[in-house]
Each structure stands twice: as structure tokens, then as C-alpha cells.
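Construct the entire structure; sequences and hints are all you get.
Number of protein chains: 2
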Amino acid sequence: MSSEEGIKTKKAQDFGKWYLEVISKSDVVDERVPIKGSNILMPTGMEMWHAMMDRLDELLKGIGVQNYYFPLFIPEKLLKKEAAHFKGFVPEVAWVTHAGKTKLSERMAIRPTSEIIMYEMFKLWIRSYKDLPLKVNQYANIVRWDTKMTKPLIRDREFLWHETHSAHATEEEADKEVKVALGIYNKLVSGMLGLEYLELDRPEWDRFPGAEQSVALDAVMPDGKILQVGTVHNLGQKFSQAVGIRFVDKDGNKRLPYQLSYGIATRLIGAVVGIHGDDKGLIIPPAAAPVQIVIVPIYTNESKSKVMQKCGEILGRLEEKDFRVHLDAREQYTPGYKFHEWELKGVPVRIEIGPKDIEKGQVTLVRRDFLERIAVPEDKLEEQLLEVMDSIGFQLQKRAKELLKVSDAKDLKEIKNKAEDGGFIRVDFCMKESCAKKLKTQTQLSVRGNLFGKNEKAGKTCAVCGKAAKEKVYLAHAY
Amino acid sequence: MSSEEGIKTKKAQDFGKWYLEVISKSDVVDERVPIKGSNILMPTGMEMWHAMMDRLDELLKGIGVQNYYFPLFIPEKLLKKEAAHFKGFVPEVAWVTHAGKTKLSERMAIRPTSEIIMYEMFKLWIRSYKDLPLKVNQYANIVRWDTKMTKPLIRDREFLWHETHSAHATEEEADKEVKVALGIYNKLVSGMLGLEYLELDRPEWDRFPGAEQSVALDAVMPDGKILQVGTVHNLGQKFSQAVGIRFVDKDGNKRLPYQLSYGIATRLIGAVVGIHGDDKGLIIPPAAAPVQIVIVPIYTNESKSKVMQKCGEILGRLEEKDFRVHLDAREQYTPGYKFHEWELKGVPVRIEIGPKDIEKGQVTLVRRDFLERIAVPEDKLEEQLLEVMDSIGFQLQKRAKELLKVSDAKDLKEIKNKAEDGGFIRVDFCMKESCAKKLKTQTQLSVRGNLFGKNEKAGKTCAVCGKAAKEKVYLAHAY
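Top to bottom, those sequences are chains A and B.
Residue numbers for the first sequence follow the numbering used here, beginning at 1 and rising by one.
Residue numbers for the second sequence follow the numbering used here, beginning at 1 and rising by one.
Incorrect hints may have been included.
Pairs involving identical chains hold if they fit within one copy or between any two copies, as the list cannot separate such chains.
Straight-line C-alpha distance at most 30 Å; calculated DSSO-like pairs for lysine-lysine [said to hold, decoys possible]:
no. : residue 1 : residue 2
1   : Lys135    : Lys151
2   : Lys101    : Lys148
3   : Lys304    : Lys135
4   : Lys135    : Lys61
5   : Lys87     : Lys103
6   : Lys80     : Lys36
7   : Lys148    : Lys8
8   : Lys250    : Lys304
9   : Lys8      : Lys123
10  : Lys36     : Lys87
11  : Lys405    : Lys179
12  : Lys380    : Lys321
13  : Lys103    : Lys36
14  : Lys61     : Lys187
15  : Lys80     : Lys103
16  : Lys460    : Lys413
17  : Lys437    : Lys101
18  : Lys472    : Lys410
19  : Lys77     : Lys148
20  : Lys179    : Lys87
21  : Lys80     : Lys123
Worth flagging that the hints you see were computed from the coordinates, not collected in a lab.
Here it is in C-alpha cells:
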């Protein structure tokens, strides 16, 4: 529906405008719905999401997570149970107050996240240490009535996500599970999608409301700004205390479990589009592409039947080898129109088959990243496709890695000089919120946290205030 | 978590009580969430739903349907666009009136269905006959604040569903698509799940608000009452007229497309549980079972390593053949406990492997429906499993068919005599709503409609009022 015209904006010149153009023309999102901060997820975006969640589901099941579905509504009284959590979310909560013509006796929050409603059930499900660990996942829609400027996929008032919640008998086990969760996200975000990011342990004032530790995956977008694409929260015993979850341990003592919650939202689609796309449109990494290969027949009236027969034969061969392949047999469009449309939608590989190809026993293969055309002998096709797809994945990840710049700065002057370069600036820092606020006012940079699990040693003085430094932290402009 | 005790209620004695017991003990639903009409979908229920939707997705893609996601919120003004539609849904709509501390300038409905919000976009997407047919699906949560008694999965205030919406250039094409949609539902509901139902064309007063025709899939539950498990609505041009969707046809004229909407909800899980289950718990048809085969090792300290090795070997062999198989290696539970748990959860086939089986080169196979134990030589296992699973599917469908009783009645006296028998009563009917109301008051039976596409001829007089009959219709007690 949107493929008749190409992307007009150059990515390098105006990333923001390019992004809005590409998500709409590549059939990822349609913004024209008459509800602010809501969008339509279009087929290309939707199928990318399904592919990501299928892979995630496999990974989560591998660590013993099971799927559930919890209610959209959370009664106000319940949401208030954990004070910091409530305070953090209440400014963004959408409230249901009426049903039909009746005013509800208690208003209901539309879930901005599901800790409280899930943990009300954990209280019933967890009785003994034998019930632990408990690992619960759901795929759901989330509403956060953000008052900031909305941006499709990156800041929506309604979005889709997965949220996994676990409860453990000991602190050690919970700490270990943080690493397990990060490992799963690495397989998804880096392994499948070819994105690069830092795992940053957020400073106290920037944690998930109610969490003791929030480790975020921070990727760098092509405009140099940081996009948080996932988070793992160590909740300690705060929620189990607030909600009243208790288990009997091996010695018969009642104890509070330690909890985790972690999630990834449709924002991740925005990162893939923004980081991998080019001036022709999307480029979807082969591992995540709903269609990996599109076959476009090229024929005259005379050669049509021969060409279509060969296309069908190649389609069958590739399907048998489990490639996700599509034959574009539409008669109302020219090959040129089709090339353009599939480039826009980011299909990693195109195969063109015409009468000359058939004569020579070859097909023409075009890779989406370099748009390079190569003739491949028919009998080498499967082999070449595997190589080309590997190579596309590798090239995309290489480009993504180049965006992830880290440079050091030792004082405010150096920070200011580097503030417009994009990526991360690494500094020694005092870890005072007041100092972070001062930095933000003067430079628009936020303190994104220290590198998780790496124990990077801080120098002596805070790069901002000059007082004693406590941690080495990463600064950046954030979305 | 819920498997320590078996089902106490006999299905044949008190179906309603049995149903509530089985859905909770078999890990399908947990009702104990503190929100009326909402439940937790538990892992067994959730995975059944995923399996059903995976199959449906395949079928829908086969007819050119694509996946989208539309907003949860529908502004009140929009919802009012189709008058009958609004009037039909407004008594059940949950309204969002506030976000954070701010009162919204226009209140937002939580979608009770998505016609209006989708068709606002159809208006933008459909310009020419080349854009037709347009076939759009979404998987979503739906809220209908039903004031009737709620019943888990059967009548929930929030439920999950798929809804497919299509737009066509001609009336003929739309009429044909009704049959295509019913064909897909037949492959899912009968082919995959082994349920039996009638396709009934609802009388005018019982159609989807705004539809010109509603064809429903009516299954019979073991208590003789009817459960509507899916519907296909022919919307004609009512919505395209109300919303203002127009396309330019081949001759350059502006015309209104003809539309369809059809959906199936998590209620279908309730039908599978209710119809196939027995006094031991669930029985999941093999085609829909997330786990088709569970392997339970039986060993003493001495034989443990030998038994576990054999179990691992069999697991690998069956996985290779694409059976969905699980090895229950938990050490804290006895084999008896495991048998009981997997029977409760409805896994179609259990394989027991002990030292004696190994000696004899066999395994013990237990089918869930008859709980019959047979020794199977190891080298015949795959072959036998295929046969047994086919046979379980066949037996379940046979039982379901027996519930689908239809008997004829020629007057009110006969109707009353048969009213308590369950299933359908077929009568000649005048098609007046007043007459249907009278029938309902006197017998609690509803007019469910006439058999779709069968043109059954009516006799001369209405079985209720004695005046001229127009149609042969099916009466039943409905959920």
C-alpha cells in the first residue's frame, strides 16, 4: 500500500525524518490512527515482532519459564501496595472509572507493568521451597500515558512486550538469574538481530520503581543518541515484603523470596529499523526476517511459462531446505516495482530469474545490504544463499558495532567538547543525583550507569563536581 | 502447583462443578485473581491457545490474511459512527476517563471488538479495486463488561481472541468469503480439536450489532447446553457506508466495499476442556497438545542409570520424528505422582520405562482416553504412537459427535417434552422475534437460527404460534 514511492530523506542527513519515513513506507507502522501515541503495527513490523518473540519463547522455555496471561486491569488498592512502585507509575496510568453506564466502586488501572497483579498470585502459588524457582512469562499490551513527545515504536502510549517474573529462594540465586536473563537477551538482541549494546547498571535514581538494581541494554542509534532496548530488574525482597509472599524453607522457617522482572518491548523493532536501515528502506537481519528470500520472475509473453516453471521449482527446493522464501507472482506489477517494494521492506536476498538465466543454468542473486548482483549456478544456490545470509548478518552487526562509540573524558570541559559526538562518554563520577542533575542541565547528558559485572575502577575525582569519585559511569544523550 | 489432588466431582453428575474443578486443577485457569470476571490463563491453557492460534495463523495466511495490531483504545466519537454497533456494545464498554491526574477531553472505550478502529484505517488503505480484497487479522485482548454471571473461559470480562476483517469489491465475493472463513474454522475446530458443531445462521435479532448475517459455530457441551465457539459476520456495506470507505472500481466509479469480520476467542479452550475431559482431568487432542507424549522413568537406585539412559535415547528418537515429547526426570516425585499429574493435564500418551521393559526390549504405553496399558516393542514405537494418537483423536471426536443431538418437534408440547434432553430441537418457525421471546419465557430455549447453506425447507405452521412458518430453525438452551 505504501511502496509506490521511495525514501526521500537521506539517513545521514536527517535521521529523525528518515526514521518516520522508513517505518511508514516499509509497512512497519502506520501513524495515522486518530489516537495520540498509538499506532498500527503493520505486517512487516508485526511479523518481525512475532519472529523475535518466537525465538525468545524458545530461549525462555530453555531456562524453565512458562507462559501465562494476567488481567489488563489492576484495582487501585492493589497497585498501591508497593509505595515506590505506585509513585513511579501513577503519573502515567490510564484509569477505567465506568463500565457501561455504571460508575465503578473502585477505579482500575490499565497495567503499566504487571508486578503487583502477578505477585498477588505468587502469594498463592508459592508455599514451600519446592515451589521455587517460579518463572512466569506473559506477552501483553501495556499502557503508559507518557506526557513526553511520542515517537512510533520508541515512545508509544500503548505497546506490546514480554515480561518475565521470577522468584528465588536465595539472594545468590536471584543474582545469578540476572546474568541468565542478560544471557538470553544477548542471544536475542545481538545473536539474532545483530544489534550491539552496553549492559549498564542504572544509578539509584534511575531504577525501575521499586527495584534494587536495574540493568539496561543501551544501544546507540545512528543519530548518536542512546535507546534502551531491554531491562532486567533485581527486585530483592521489596515486592515479596510489600505483597506478602512467603515460603517455608528446608528448615521449616518462613522466608521472603527474592524476585526479578525483565522485559523487552516493541521498541526493539524501532532499534532494528533505525540501526540497520539505509536510504532504500529497511534491512532485516536474515535470522529475524519473516521472508528471507524473494523470487522475482522476469519474462516476456513467450518466456513466461518457462520462467514461472523454473521459479516454482526453485521455490520448492528452497522451502525444502527451510529457507523462508516467497515467490512474487503478481501480474499487475513490473519487476522494477517489485524490486523496489522488497528493498523497501528489507528482505535480505532477492533472486531474479529470467530466460537468459535459465539458458545459462543460473539465477541472479541480489543481497539487500550492498545491492550487489551476482550470477549463481543453479546447483550452487543453497550453498551460496547460506554464505550470503551469513555475510549480511555479519555486515549489519559490524555497522552496528561502529555506532557503539565510547570515549573518555576527565572533566566537564572535555565532556562538553564530546557531548555532540554521540555514543557514550566514560567518566569518573561521585554518584550523587544532584551532580547528575547539574550535568543534565549543562550538557543534556544523562548518567546511564556503570558497566554491569565488569567492576571498572573509578579514578579519584568526579569529572563533574571534582569531589571524590565512586564509580566509572557512562554518559549519553538518551531517547 | 495444583496437582496434588484429583478431581472430586464426577463429570456426569455435576458438569458445572466438574468444569470449575478441572480447569483449576489441570492448570488451565486460576480464578483466584481479585478482579471479577478476570482470570489467569495458566500454562496448560496458555499453550493450548498458542497451539490453536499457530494453526489458525497458518490457515489464515493460506488465504492471504496478514497480521496487524490496532490500538486498545477507541475514542467515543469514533465508536458512535455505526449506530447499531454502538448501541449493541455500549452497555458493556469499559471507559477510560483519566490519565495520571488529568481528565481526558474525550473518554476512550476499551475495545469490545475492533471494527470501527480498523475501518478508520481501511478508509485510508483502500483506494482502488487493486487494493481489494484486503484481509487483516489481529490477536488481541478484548473487554466486555458483561453483567451476566461470569464463568471462566466461557464468559469472561476480558478474553483473548483473533479477529479477522476483510473487504471485498463485490457482494458475491463477500458471500463466498463467508464460506472460506467457515472452512478455516472447520479445519481448526473439527480437524485439529475434534469438536463437532452446527453452523447456524442467526435470526435477525440475535446478529452481531451492525451485521447483515451472523453465522455461528454452536457446539453442545456435556450438560446439553449450547456453546457458541466462533462466529463469521457478513457486514454487507453497513460499515463501509457508516465509516466512509470507498474504492474506485475498474470503470472509474466510486463504490462501497462489502465487509466481513470473524473471530474465535479463548472460550474455545473451555469447549475443549468441557467436551473432551473426563473424571481424571483434561484430555487434549493429540493435534493440539503442547506435550503429546510424556516419558516417565521407573527405577530403583540400582537400575536408575540404565533406565535414565534408555529414557534419554527414546526421547531423542521421538524428538527427531517431530513428536512433542517431554521426559519427566524430576527426582522429588514418585512415578505415581507423575502419572496422576500428567493425566490431570491431559497429555494424550504416557510412556513408562522400567528395568523390566528394558530387559524385554519394550516400553509400556498408556493412552489417556482409555487409560489402557500396552507393551510395545521398542522398534515398533514410532509406528504405534502414530496409530494410538490417531485413534485417540478419532475417539474424542466420536464422543463429541454423540453430544450433538438434534431431534424434531412439531408443537409447543413436544418442544416442552424435549426441552430438558439437551442438544438441539429442530422446528418450523415463523421468524418473529415476539414468538421467540414467548418461547424463551416458557421453555428457556432460544432460537439459534437455521442451518447455514443447507436450505432446509420449513413445514406449514410455526411450532410455537401455529401461524405460517418461514424457516426450519434449531432451538437450544444456550450458555
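A quick look at each hint next to the structure:
Within a single copy, Lys135 and Lys151 get their C-alpha atoms only as close as 32 Å, which misses the 30 Å cut-off; across copies the closest is 27 Å, which meets it. When the C-alpha separation of Lys101 and Lys148 is checked against a cutoff of 30 Å, the pair qualifies only between copies, where the shortest distance is 15 Å, while the shortest distance within a copy is 32 Å. Proximity of Lys304 to Lys135 under the C-alpha cut-off of 30 Å is restricted to the inter-copy arrangement: shortest distance 29 Å between copies versus 56 Å within a copy. Taking the shortest alpha-carbon separations for Lys135 and Lys61, only the intra-copy value of 10 Å comes in at or below 30 Å, while the best inter-copy value is 33 Å.
Taking identical chains as interchangeable, the C-alpha atoms of Lys87 and Lys103 lie at most 30 Å apart whether they share a chain (25 Å) or sit on different chains (19 Å). Taking the closest pair of Cα atoms, Lys80 and Lys36 come within 30 Å of each other both inside a single copy (27 Å) and across two copies (19 Å). Only within a single protomer do Lys148 and Lys8 lie at most 30 Å apart by alpha-carbon distance; the minimum there is 27 Å, versus 55 Å between protomers. In the homo-oligomer, the alpha carbons of Lys250 and Lys304 lie at most 30 Å apart only across protomers (25 Å), although the nearest pairing inside one protomer, at 74 Å, exceeds that limit.
Within a single copy, Lys8 and Lys123 get their C-alpha atoms only as close as 55 Å, which misses the 30 Å cut-off; across copies the closest is 25 Å, which meets it. For the identical chains of this complex, Lys36 and Lys87 are neighbours both inside a copy (24 Å) and across copies (26 Å), given an alpha-carbon limit of 30 Å. For a Cα distance limit of 30 Å, the shortest separation of Lys405 from Lys179 inside one copy, 24 Å, qualifies, whereas the shortest one across copies, 58 Å, does not. Within a single copy, Lys380 and Lys321 get their C-alpha atoms as close as 13 Å, and across copies as close as 29 Å, so both meet the 30 Å cut-off.
With identical chains, the CA atoms of Lys103 and Lys36 are at most 30 Å apart both within one copy (26 Å) and between copies (15 Å). For a Cα distance limit of 30 Å, the shortest separation of Lys61 from Lys187 qualifies both inside one copy, at 14 Å, and across copies, at 29 Å. In this assembly of identical chains, Lys80 and Lys103 lie within 30 Å of each other by CA distance both inside one copy and across copies; the values are 21 Å within and 20 Å between. Taking the shortest Cα distances, Lys460 and Lys413 sit within 30 Å of each other inside one copy (17 Å), while across copies they are farther apart (96 Å).
With identical chains, the CA atoms of Lys437 and Lys101 are at most 30 Å apart between copies only, with a shortest distance of 26 Å across copies and 47 Å within one. In this assembly of identical chains, Lys472 and Lys410 lie within 30 Å of each other by CA distance solely inside one copy; the values are 11 Å within and 87 Å between copies. In this assembly of identical chains, Lys77 and Lys148 lie within 30 Å of each other by CA distance both inside one copy and across copies; the values are 27 Å within and 25 Å between. Taking the closest pair of Cα atoms, Lys179 and Lys87 come within 30 Å of each other only inside a single copy of the chain (28 Å); across copies the shortest separation is 53 Å, beyond that limit.
When the C-alpha separation of Lys80 and Lys123 is checked against a cutoff of 30 Å, the pair qualifies only within one copy, where the shortest distance is 16 Å, while the shortest distance between copies is 43 Å.
Comparing the model with each earlier hint shows no violations; every hint is respected.
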